[in-house]
Each structure stands twice: as C-alpha cells, then as structure tokens.
Amino acid sequence: MSAVDLTETLQGIRNQYVREDYVGRVKSTIFDYLCALEPAAKVEDTQYFNHSAIPDFVLRWGTHTRNFYIRSSYASLVASRDAKDLAENDPIFLALDARQDVREERFRLTPAKVARAAQHHKYTLVTDTSALDEIASTSEAETPLASVVKTNFISSARGLVDEPTAEKLTGDVPNKDGLTSLLRAKFSEAAVTRMERMASIVELAQGAPTAEQSWLELDGRLSPSELRAILPWVLQNADPGNVKFWSKFGALFTFEQLESLASDVEGLDLGSLVRANARTWEAKRAYLGLHVDAEPDAVTRSGIRFKGGVLEAYAGNSAIRVSHSGNKLKGRPSSHGPSWEALRPKIENSKLHSVTLQGLERAITLEAPASADFLGDVDKMTESVSDTYFVRALDLLLPEAKLTEEAPVLRQVSVNFGESLLIADAPVELGALFSAVETAFLAPGSELETITEMVTGENAASETEKLTALELPPTPTEPLNEIEPKMPSDDS
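Residue numbers for the sequence shown follow this note's numbering, beginning at 1 and rising by one.
Don't read these hints as lab results, they were simulated from the structure.
Given the structure is predicted, the values throughout are model-derived calculations rather than measurements.
There may be inaccurate statements among the hints.
Derived DSS-like pairs: lysine-lysine, alpha-carbon spacing no greater than 30 Å straight-line [said to hold, decoys possible]:
no.: 1; residue 1: Lys27; residue 2: Lys168
no.: 2; residue 1: Lys351; residue 2: Lys328
no.: 3; residue 1: Lys84; residue 2: Lys113
no.: 4; residue 1: Lys168; residue 2: Lys84
no.: 5; residue 1: Lys168; residue 2: Lys113
no.: 6; residue 1: Lys351; residue 2: Lys330
no.: 7; residue 1: Lys330; residue 2: Lys346
no.: 8; residue 1: Lys84; residue 2: Lys27
no.: 9; residue 1: Lys402; residue 2: Lys307
Label-pair distances were calculated between CB atoms; the ranges are [unchecked claim]:
no.: 10; residue 1: Ala190; residue 2: Ile54; range: 20 to 30 Å
no.: 11; residue 1: Gly457; residue 2: Pro345; range: 17 to 27 Å
no.: 12; residue 1: Gln119; residue 2: Phe49; range: 23 to 33 Å
no.: 13; residue 1: Gln119; residue 2: Glu406; range: 47 to 57 Å
no.: 14; residue 1: Gly457; residue 2: Glu167; range: 40 to 50 Å
no.: 15; residue 1: Pro333; residue 2: Ala190; range: 47 to 57 Å
no.: 16; residue 1: Ser181; residue 2: Arg103; range: 25 to 35 Å
no.: 17; residue 1: Gln236; residue 2: Gly457; range: 17 to 27 Å
no.: 18; residue 1: Tyr17; residue 2: Arg99; range: 16 to 26 Å
Every residue, glycine too, gets a C-beta built ideally from N, C-alpha and C.
Can you make the complete structure from the sequences, with help from the hints?
Set out below in structure tokens:
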C-alpha cells in the first residue's frame, strides 16, 4: 500500500466497521505502513491491541528498540497518562484521531495538555496519523533534508510531532539556524548531528556565505540511506567549479559506496565529484573500450557518468570504465599484447613489478619490483638475445589512495592485454588507475589523454613522473630473470 494514505485508509476501515475483523485490519494497515516508512527496522507484532501496558508493535534496529503503542486519540492518551507511565524503550504513541481540542462534559483536551503529555520523558514520541502521512509523503526530489527527516523519523524523533510540526520539518525553513533549532527539539542527539551535517552539505552546495563551522561539520561518513538521499540533489544543484566543496563532500563516502548507488545517479554528470576525489578514492579494475552513445547526435562528446552500474569516463569513441568490484567489470577478448618496441617508450616513467616478453625464439621474464633500473635490466636481456618481442604479461606498481602525509603503499596491478583490463590485487588510487590505462594500452592517444585530464586534471605523463618520484623500500633485489628457449605459442 502507499505510504501516504494512512489516515484515509483507517477512516475507510472505521466507516465499514465490522467488529470481528476491525482490530486485525487496523493493525495490518499500520504494520504495512511502518514497514514501508522504516524499511531498516524489523517490525514485530505483539498480537495485542490498544493494551494499557503492552505495546502493539516492537521496532528493532540492531540493539536499538522502540515500543509502538496505538491509541484511539490524543484525548485517550492524555486521560490514561500512558505517555507518563510507559517509558521503556523510547516509546512511540500514535493517535488515530488528530484532534487536540476536545470539549466534553467531564473532560477538556487542549493542545497545551497534549504538548505537556509528550514532555514526561526525553525520548518519547507522540504523533498522529496525519503527521505520519506528512512525513511519509516527502519525496527525495523535493529536498534532501526532508528526505533525511523521513528516514530518521521513526527511529529518532521525540516530543510532540503533530501535522503542523511535521510540515515545518519537511518544508522549506528560511535558514539553517531555524532548522537546527527545530531538529534539536524533535530528534535525538545522534540524529541531530547527522541532520546538521546534511544541512551543512545543502548550505555549502548552494554556495551561500558560510561560517567555518559549516565546513567543520562535513566530517565522518554518510550512511547508505543518507548518501542515497543527498547525492542526486548535490549532483544536480552544487556549483561544478567549487572544488573545495566537492573534495569535502567526496570525503564523506568511498568510491565503493558511490558505486553501490550507481542506479540512483545513472546518467548524471559526475565530473566535478570524481575529479576532486581522484587521489583519495580507490578502485580495483579498469577497462579500455569503446563509448557507445545512446544518443549519437548528442552535443556532449565527453563526460564522466555511471553506465550499466559502472563508472565510465569517455571522450569521442573511447571510454575507460573503472570499478571497485571485480564482478561488475569484465573484459572482452580483443587483441594480443603490443610489441615491446612500441610499449617501452610509454612506460619509461612507470613503476614496474614484472614483465614477460615472447619472442619468435625466446621468452624473457623479469620480476624485480625493487630494481633501480627495471627497463635497463630488460634492455640488457633483449639486447643479449636478438629477437622480435611482444608483451605477454605486464605488472605495474600503482599507489594506494593518498589519505595521509606518508608515502602511499604501492600495489601490484596486472595488465591483461587480451581483454583490455587492468586488475589490481588490492584497491589503488582511482586517478592512477585511469592514467595507467592510457600508459599501458596503445590506443588513439588524444582521446585517452582527454579522459585522463578529465579525471585527474593532469595528463598521464605528469602522473608517471609523480609515480617515479615515489621511493620504493630498499629491499635487496633477487635476480629472478629467466631466459629460456621457447617457441611462440598459438596465442602469442
């Protein structure tokens, strides 16, 4: 059922009252509603209804639990003093009747009495079906802040939240301070911290003059639900040229998290976000292929977007795709390895772990990751045995993401020429992985250079110069050279 029609649905049940199934229909409706509104919670039906002491439902988020009580009205809640007497597990009281002004012969209910009833215990939530409908009707397209209010409401809201208050929580608040004041009054401290960070993201993305405190609040990690709520909005509304913002925003999550939300942002421009975080994000695989545009006449001939769940940076007809998951990015049989004569100049400044060359009469393997002159060692071997050599296997050394001032660890990355793939044994820096594709594969240079510059802001040559400057640990080099008679295989 839709998560925006609880009041109407319950009214329909009351209008068609059947004593034998009334309770079951009411509880079933509310159960389904809670499951839709708060999918992260496990909702347990206690098989009781409107009991004086036993909750109707128990909601669990791991070790966090809230008891959920159904009450016919605010009047019955106030008259029974339930909000005062029942304090276990941060209870939620749901009034099926939203009226707060009731005048009867022996009882009078006012909004002030309802508000006082909700203040007996710090983390008790008192609300009604109309307020829940207002919270549930929020769409992610409207405002990310309202979406975060929605995702945190059942787990963390407190105090009295009636329909007018719910409208303020999900509507436009004139400034961040006004929103923060309301959030602090209506949510737990932990939830407020998360929401204030979200408010800072929105404020900074819009480029408004801000205090340093707003930048300081951009810390920690966004949860999957928070990132899903804010990411599409940021990509479509933040200033593309605000590098500081994109860098701080990207530090709140990993590339692996971003990749898990690929379907949520499919087709949106990720250029500013990826470029600002190419040094601090990591991936394991890269693939060089063709870019096929769904709209061949499109004006934009370059960009960085998710396509089919994989990040693709493209220029003209060329595309480099990267992934943190080995399951998402598969190579396609394409060609054999290049000639050593053609590849050698391109890897002049690269850090190499090993190489296997296949000649017409000989095969040469060199594994010397700590060698001070790897290419010089290969040259000595190829010059000593004259032949025409093709690259059968090549392993590069690429850095992990630079997250501290210490020199990053270098990781082994295998180049699969037959499938146009780069495969790392552990995550490596995203920007370095893109640059390595341009270095390793002999493809049309101008388009690949455009892609590398688009991702890193630099060309591959400057990338390899940086990598050359990284010092390898001074471990002794063991000669693992192999020169053996070998005829070319069928696939060489």
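How the hints compare with the structure:
no.: 1; hint: Lys27 - Lys168; in the structure: 28 Å, holds
no.: 2; hint: Lys351 - Lys328; in the structure: 27 Å, holds
no.: 3; hint: Lys84 - Lys113; in the structure: 12 Å, holds
no.: 4; hint: Lys168 - Lys84; in the structure: 26 Å, holds
no.: 5; hint: Lys168 - Lys113; in the structure: 21 Å, holds
no.: 6; hint: Lys351 - Lys330; in the structure: 25 Å, holds
no.: 7; hint: Lys330 - Lys346; in the structure: 25 Å, holds
no.: 8; hint: Lys84 - Lys27; in the structure: 24 Å, holds
no.: 9; hint: Lys402 - Lys307; in the structure: 27 Å, holds
no.: 10; hint: Ala190 - Ile54: 20 to 30 Å; in the structure: 28 Å, holds
no.: 11; hint: Gly457 - Pro345: 17 to 27 Å; in the structure: 24 Å, holds
no.: 12; hint: Gln119 - Phe49: 23 to 33 Å; in the structure: 27 Å, holds
no.: 13; hint: Gln119 - Glu406: 47 to 57 Å; in the structure: 52 Å, holds
no.: 14; hint: Gly457 - Glu167: 40 to 50 Å; in the structure: 44 Å, holds
no.: 15; hint: Pro333 - Ala190: 47 to 57 Å; in the structure: 52 Å, holds
no.: 16; hint: Ser181 - Arg103: 25 to 35 Å; in the structure: 33 Å, holds
no.: 17; hint: Gln236 - Gly457: 17 to 27 Å; in the structure: 22 Å, holds
no.: 18; hint: Tyr17 - Arg99: 16 to 26 Å; in the structure: 19 Å, holds
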